[in-house]
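Enquirer: Line order of the protein sequences matches chains V and L.
If you use our numbering, the first sequence closes out at 685, no skipped numbers anywhere.
If you use our numbering, the second sequence closes out at 334, no skipped numbers anywhere.
Simulated from the structure, these hints should not be mistaken for laboratory data.
Each hint should be verified, as a subset may be incorrect.
[As the list claims (entries may be wrong)] Within a straight-line C-alpha distance of at most 27 angstroms, the following computed BS3-like cross-link-like pairs (lysine-lysine) qualify:
| id | chain 1 | residue 1 | chain 2 | residue 2 |
| --- | --- | --- | --- | --- |
| 1 | V | Lys95 | L | Lys55 |
| 2 | V | Lys602 | V | Lys621 |
| 3 | V | Lys195 | V | Lys124 |
| 4 | V | Lys391 | V | Lys425 |
| 5 | V | Lys637 | V | Lys602 |
| 6 | V | Lys95 | V | Lys124 |
| 7 | V | Lys526 | V | Lys560 |
| 8 | V | Lys425 | V | Lys287 |
| 9 | V | Lys195 | L | Lys241 |
| 10 | V | Lys599 | V | Lys609 |
| 11 | V | Lys391 | V | Lys455 |
| 12 | V | Lys577 | V | Lys645 |
| 13 | L | Lys18 | V | Lys195 |
| 14 | L | Lys107 | V | Lys124 |
| 15 | V | Lys679 | V | Lys646 |
| 16 | V | Lys609 | V | Lys577 |
| 17 | V | Lys198 | L | Lys81 |
| 18 | V | Lys526 | V | Lys539 |
| 19 | V | Lys85 | L | Lys81 |
| 20 | V | Lys577 | V | Lys455 |
| 21 | L | Lys81 | V | Lys95 |
| 22 | V | Lys646 | V | Lys602 |
| 23 | V | Lys646 | V | Lys599 |
| 24 | V | Lys645 | V | Lys609 |
| 25 | V | Lys455 | V | Lys539 |
| 26 | V | Lys86 | L | Lys18 |
| 27 | V | Lys344 | V | Lys287 |
| 28 | V | Lys86 | L | Lys241 |
| 29 | V | Lys195 | L | Lys240 |
| 30 | V | Lys124 | V | Lys86 |
This one's a predicted model, so the numbers in the text were calculated from it and none came from an experiment.
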Amino acid sequence: MVIEDFTTSSGQKPDSIIKDLADSGLHWPNSSRISLGLPIKRLAAILVDLFLVVIPVSTLLVAPLKKGLVMALILKESPQSYFYMFLIGLAVLTVVVVYQTLMVKVWGATLGKLFWGLRVRSLWDGSLPSLSQAFLRSLFWLLDSVLFLLPHLSVFTDEKRRPFHDRVADTLVVDKGGKGTSEPGLIEASFVRGIVSAFILFLLGLFLLKGLNVFLKMEKNDSLVNSLEKEGSLCSEVGEAIKEDFNNGRSRYEDRLRAAMVLFASGKVNIDCLEAELNLAWVRGEDASPLAYLAKSFVYADNATLSDRYLDEVCRTGEASEDCKMSQVVRLWTEGNWTEIDTIFSSLESSVEEYILVWAIRHFIRTEEFSKAELFLDRLGSGSLLGSFVAKQRVKIYWGLNDMEKVRAATEVAFATLDQEDVIDLSSWLCGEELKYGCENAQSNNCSVMNSNLIMNQELLSEGRIALRYLRRSECTQDQDLSYDMLMTEMEIDEARTLLSSFVRHKGNEEQRGRRLLWKLVQDEESENEYREEARHYLAKWAGNSQDLEALYSDWQKDSESLNWRRRGQDLLVQYFRLKNYKRSWEIAKALEEREANRIDKRIRPDMIVAGYRSGEKALAYALLKKYELNRQSPTLSGILPDRRPASEISFEEVARVLKSEFGER
Amino acid sequence: MIFPYLHGLLGFKKCPMTWILFFVNAAMMTINQPDLKQADEVIQQAFDDKYFISQQGRYFAQFIADHESFYSPFLKQISFRALGGELEKIDLLGALALRNQKFMEEGPSYPFGGDRVALSVWHKKIENLISVQAEHPNYYLGITADHLSWSYWFTYQFVHSGLSHFAFNMVFLIIFGCFLEVLKGGLFVLIVYLGSGFAGAGFFLLINGPTMAPLIGASAAVSGLMASVCLFSWKKRVKCFYWLLIPIRGYAGFVQVPGWLIFALWCMADLAGYLGSLPELGSVAYVAHLGGQLSGISIASVSLVFFGLSQYLSSKFRLGQNHDAYYSQ
């Protein structure tokens, strides 16, 4: 170790002899008492230089460049902005080099060094450095600074306190007033060396991590870029649709917006796509048509007042237009006036706009008027634009009509023709519906199709409805392999996460907390309706005590306008029946029979009749029995899903026999 | 870090005029504070209203395209991009529109086509905003395109946009004002303060032209005071406080710096600010600072010349009187 040798036994060991010879060659006046510059003073000098010269001068010098850079950044011209950044960097470096070189050459010190009484001297004779020395020194000073200032730290370790730049230029920094320091001691040097090594290791580690991260991000970014391109400022789906379907002489922009409305209605594109199309309309100065106003009312649906004003404008612009009729429908949606909507849709002419047909179909499926929905679906051409929509809705309609043969046929066609995403959507819907009739359907064909497809496309779990149905199935199968962590990361919908964690709690002997989570979901009016229904369903299902069930019941009584009123009632009826509370079951059955007699699920009818019998209203129970006797043998779900055996199957046969004999049948 | 200290904080007795100026500024600040807060909230709401801003951006883009000769190539470029459908540029223009005089004057009655709902919403909001601005101290006391008469050239010097703006200007007002007042008297401080304020406004209007964003603040006036102080102690030592981020004795304290260096550093910072910022986006009136500095230097030079002349004359007629005492304060 040079330092050790130098400080402990100067001139004794071979490698330091050379050094000493060199030292003795120095033609310093009083070379024995060279006072080296204190490192802290050197740091202070750098700060003075920075604040007094480098920062002010370089800011002024690069000001016009900075302006250009800001402009280029705002206009997103990346080659130009990189060019400006390069120029700014170059200018700052030039300022540093020129300033240091000139000052050191002429005065042997920068302003900061002058201030602190430090001087740069030539190593050999203590004279002012030459121009080349000054230039080399400032150039390498810059290099030292770029390397995280690390080489500067050799002022603590080098025997003459010369960092890299001083060694390159054969210079050293002395204290003019003699108030400097001597060579660094062993402890000082080792301490700083240790710190430097640790820092370098830390930096290396950081770089490795960063590099890894950048690499990983790059892969992610690629897919991001793709999806951005896909969405772009316009939607590729609309572009595709327009090529194939809309060639009827209208302006291209109008066609695009119409196509976007159809796709939006059928759920193929989201609101951003519609907004992008409207933006194009604005650029063309064509955003004042009834259709554009209607589209805007969708886009600004979050802002009720604004959305309403757009709706008003639809009819003001085109009173006789079909768009105006649709605007009335939108208004009725918010009021929840389903009958009025029925009337409007039923009065539609046959040549109505496609997007309105799509809304009509969705409306009738929602209100479970499946035969009307089927009529409208037949009016919709099954062009490739709406092919998948038609295929999926057809299955749902047949399901609603309880026509299982057709469901099977339509499903087979759909599975064969649709792309994977649509297959998952459809199979998950079917599976979800089947599971409503009992967990024994969890192994059905549709559920398996959903499951196997989802394994390959886990990212689709981020879609609320699909996640919901998947959860429903996993809850049924009590899947031991199910990874809740995976589900939690894949599912992006808050409601789905709440539902999932309530399942976990329910399984893990924390039933109370699980139920509380469900209630929170039920009561949160901001949440997606489908999830609130699902939460109600599980609350009813898990209702060990009847407290929850009673709360749900009174909730149901109050909420008689809801579209899900019948389904919720059926759920409650079955649950009360299972708890052998026949009286309450019968109350619900009567309410359902009064309002929705034709739509009651035939699979719960035996329960209704038994409940009526058990609560003593035999005459009414018999009337029900007679009324439904005829339908009982109509096509069941057999084939596509195993017949659900009602809880009361066996007792029902008995009850039916007793009732018949009591009321005079053989 | 280096910060001018000079004589430091002097009391009211030693520099009454400076303190009076400070009190006037402080009083204005206090009186205006409630109005300022209220109006600022409304304006902030307008900026946060995405629908309003994007509609305004669309109209401004269209307006620029229709009045190309009035706008800088930079704004025209942004407008071109916005009309091409870049949403980001539309929002940027929406915010910039509020600073543009021509658009704010003609826009509300300009026949923009298209979406009637958007147009009526925008009309209502922009009219509301204009009426709020009329009650905003910055707008009714500052210099804007609508307020160009001489009284505003006076009032704008005493209005600040917020506490930090106020505090920053006042610290320098007291430091330089007190120093100058001891040296040259209260009247001189007042002349430099107001004169530099006028010059700053003049410079600003000359170079930037009238804008809808108001010009406010004492900074032009304070720049003038600073420049005067620097000229009077051009080669003399000015006491400054320095602090080198090193927590060791000797690395923070007072240092004597020549006046020219302070002036040069200050000028460079303002010049860099002016050259480096886009007038369409900038929020600091560097030009006004530079105008104030120029005026401060000029007033001080004139006074020096007069002083030299009077000294010359008095030495000619009343020999032996020594005026050096003025300098050594």
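Enquirer: Run the distance test for Lys195 of chain V versus Lys241 of chain L: straight-line Cα separation, threshold 27 angstroms.
Expert: holds, 25 angstroms
Enquirer: Quickly compare the C-alpha distance for Lys391 of chain V and Lys455 of chain V to 27 angstroms and report which way the hint goes.
Expert: holds, 24 angstroms
Enquirer: Is it true that the CA of Lys455 of chain V sits at most 27 angstroms from the CA of Lys539 of chain V?
Expert: Given that 27 angstroms is the threshold and the Cα spacing comes to 22 angstroms, the pair holds.
Enquirer: Holds or violated: Lys18 of chain L and Lys195 of chain V, Cα atoms, limit 27 angstroms.
Expert: Measuring from Cα to Cα gives roughly 46 angstroms; hence the hint is violated.
Enquirer: For Lys95 of chain V and Lys55 of chain L, compute the direct alpha-carbon distance and say whether it is at most 27 angstroms.
Expert: holds, 22 angstroms
Enquirer: Are the Cα positions of Lys391 of chain V and Lys425 of chain V separated by 27 angstroms at most?
Expert: holds, 17 angstroms
Enquirer: So if I understand the rule, the pair passes when the alpha-carbon distance is 27 angstroms or less; does Lys526 of chain V with Lys539 of chain V pass?
Expert: Holds - the C-alpha atoms of Lys539 of chain V and Lys526 of chain V are around 18 angstroms apart, at most 27 angstroms.
Enquirer: Just to be careful, I want the Cα atoms of Lys81 of chain L and Lys95 of chain V compared with a cutoff of 27 angstroms; is the pair within it?
Expert: It holds: about 15 angstroms lies between the C-alpha atoms, which stays within 27 angstroms.
Enquirer: Do the alpha carbons of Lys195 of chain V and Lys240 of chain L lie within 27 angstroms of each other, as the hint requires?
Expert: holds, 26 angstroms
Enquirer: Does Lys86 of chain V sit within 27 angstroms of Lys124 of chain V, going by the straight-line distance between their CA atoms?
Expert: violated, 34 angstroms
Enquirer: Starting from Lys646 of chain V, check that the Cα of Lys602 of chain V is at most 27 angstroms away, please.
Expert: holds, 21 angstroms
Enquirer: What's the verdict on Lys602 of chain V and Lys621 of chain V, does the C-alpha distance respect the 27 angstroms limit or exceed it?
Expert: holds, 20 angstroms
Against the hints set out earlier in the document, violations occur for numbers 6, 12, 13, 14, 17, 26, 28, 30.
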